[in-house]
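Residue numbers (my numbering), protein chains in the order written: chain A, 1 to 142; chain B, 143 to 368.
FYI, nobody ran anything at the bench for these hints, they're computed from the structure. Built from N, CA and C at the ideal position, the CB exists for glycine as well. There could be a bad hint or two in this list.
Some chain B residues near chain A, calculated using beta-carbon distances under 10 Å [stated by the list, open to error]:
1. Phe166
2. Lys170
3. Val229
4. Met255
5. Ile267
6. Pro268
Straight-line alpha carbon distances no greater than 27 Å define the calculated DSS-like cross-link-like pairs of lysine-lysine that follow [what the hints assert, rightly or not]:
7. A:Lys40 with B:Lys335
8. B:Lys170 with A:Lys115
9. B:Lys170 with A:Lys108
Computed far set for chain B versus chain A, every beta-carbon distance over 10 Å [claimed, not checked]:
10. Asn177
11. Gln211
12. Ala254
13. Arg357
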Amino acid sequence: MTEKVLLVDDEQDFLDALAERMRFKGMDVSATTSPIDALKKAETETYDAIILDLMMPEMDGLETLRMLKEKNPDLQVILLTGQATVEKGVEAMKLGAMDLMEKPADIKKLTEKIKKAQAKKMIIVEKKAEERIKKIVGGKGW
Amino acid sequence: MSYKTDSISEIGLQFFGKISSSNFHEIKNVLAIINETAGLLEDFSLMAEQGVPVGPERMKDLSSKIMKQVRRADGIVRSINRFSHSVDKPTDQVDIAEFLTFMIGLSERFAAMQGVTLKAQPSDIPLLITTAPFLLENLVWLCLDFAMKVAGAGKTVGLAAEKAENNGVRIRFTNLDGLTESLISTFPKEREKALPDALQAEITTDIGAKEMILRLPGDITVNSNQ
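Could you put together the complete structure from these sequences and hints?
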């Protein structure tokens with residue numbers, strides 16, 4: 001199944017190259033240099049994973065993560081950063097990031113994490129569907 | 143364990159860490175672009191091996207992108223190297239006009255993060271003074287940091303150096319649209335005042351002209367035992 005991914009990074013050359021490589025791997029990739037645009041995209045589209053830079057001019061990556069999770073707690077966000085510190089990593093995990101990877105990243109590892117994100121998202125979707133069915137069945141009093 | 147630190151050393155160490163980490167972060171970004179672009183070249187090579195045609199123009203484009211990033215990394219490393227060596231001598235001769243260009247390079251990522259552009263006005267003449275290079279970098283950085291915050295996102299902070307009285311130099315930080323009395327009162331902070339004192343420098347502001355002016359003497363003597 002094709003993984004739907006959103007890349008968010010202020011370095012255009014990085015976005016272009018990574019997006020093209022991920023498309024070669026069969027992923028459906030959207031990319032933006034703007035965290036505000038990413039928030040808009042996440043409202044209208046569903047993604048299996050969002051790959052997010054930690055430091056961007058328009059909005060801090062952690063702040064973007066917080067806003068993304070606020071809008072949709074089920075979103076699987078992987079932070080990709082050139083400035084990984086234990087402190088930032090802990091903060092990102094507390095805010096609900098799925099993982100944090102350091103730049104330059106190994107595309108194989110990143111692909112594995114995206115696949116894990118997709119699997120995790122599917123489990124959440126299935127669980128929610130199951131809960132909905134249980135609620136409907138229970139409500140009918142059969 | 144107990145130890146004493148004077149405010150100049152403490153501020154200096156924080157400044158050194160801040161500038162170093164920011165520039166190393168920038169290098170990591172460059173490496174990430176090179177990594178992905180080289181990865182793309184590898185992908186195309188594998189495709190070519192399997193008989194998928196790959197145009198030479200695409201290869202040239204990717205190679206030039208890598209070379210662009212190598213030049214970018216070289217510039218960052220040169221800057222950080224010069225910055226690291228600025229602590230070698232307590233005092234040295236500094237051309238302020240050229241120094242401002244160097245400081246803009248060092249501060250570029252901070253400016254980008256705040257959505258501010260820094261622009262130095264070129265000087266027709268060399269503006270040489272004898273000063274403490276590292277302390278001057280620290281003081282100019284504090285002024286720049288304040289100027290960027292005051293100017294606000296989307297603005298361009300201008301930096302201009304000119305000759306002043308007694309062979310001294312004036313650095314003007316211009317286009318500070320948000321300059322107010324209350325903001326001026328916050329800069330420099332109490333412990334930061336040790337820096338202009340050590341450099342025998344003076345910071346003044348002109349709200350009407352939206353400017354901050356840093357006056358530096360032509361020559362200072364630094365007692366490194368202090």
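inquiry  = Which constraints among the numbered hints does this structure fail? Numbers only, ascending.
reply    = Violated hints (numbers, rising): 3, 5, 6, 7, 10, 11, 12; every other hint is consistent with the structure.
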